[in-house]
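Asker: Can you make the complete structure from the sequences, with help from the hints?
Quick note, the working numbering runs 11 ahead of the 1-based positions in the sequence shown.
No lab work stands behind these hints: they were computed from the structure.
Please note: incorrect hints may appear among the correct ones.
Unchecked claim - Only pairs whose alpha carbons sit at most 20 Å apart, straight line, appear in this in silico SDA-like list of lysine to any residue:
1) LYS14 x THR25
2) LYS109 x THR97
3) LYS89 x GLY113
4) LYS109 x ASP71
5) LYS89 x ASN101
6) LYS13 x THR25
7) LYS109 x SER73
Unchecked claim - Label-pair ranges, simulated between beta-carbon atoms:
8) LEU18 x ARG104: 46 to 56 Å
9) ASN110 x SER87: 14 to 24 Å
10) ASN124 x SER73: 21 to 31 Å
11) ARG121 x VAL58: 38 to 48 Å
12) THR97 x ASN118: 23 to 33 Å
13) HIS66 x ASN118: 33 to 43 Å
14) ASN115 x LEU19: 47 to 57 Å
15) LEU74 x ARG102: 16 to 26 Å
16) PRO92 x GLY113: 18 to 28 Å
17) LEU86 x LYS109: 17 to 27 Å
The C-beta atom is built at its ideal place from N, Cα and C for all residues, glycine as well.
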Amino acid sequence: MKKRKYLLVLLLFTCMFLLESCGPVVLSSSLETAPPSWFYPNRVEAVRYVYFPDHMIYYDLSLRSYIYLNNGVWLSVKVLPSRYRTINLNRSRFVRIKNYRGDNISNYHRNTNTNRRRSSSQSNTRSRRN
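Answerer: Okay, here's the thing in structure tokens:
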């Protein structure tokens, strides 16, 4: 009985050690697809959108779709069109949109771009350069 209890405790500690070394875990209601490879947060943050200012592309983490401006209209797609194929989002600069969780990203984009023109001293962008 003691041997069995010892093995159970050893197995439990081994499992905890292995699970601890897995890295960041992203919880989602949609289990079929993981977040994109470029989005690996090093801490838990409540964000819905990620913005790539160099390419004017948003990514909606809850709907798992890209939002981009095409001829004055914001389009939401699961896969970016062929004209964006050469973009490496793993190495692109991005901004985590922490203060907006609404559905109308065009209003947010219009308001923040107006504010950025007035004061460009604040920047919460991050660069992914290896």
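Asker: Flag every earlier hint the structure violates by its number, smallest first.
Answerer: 2, 11, 13
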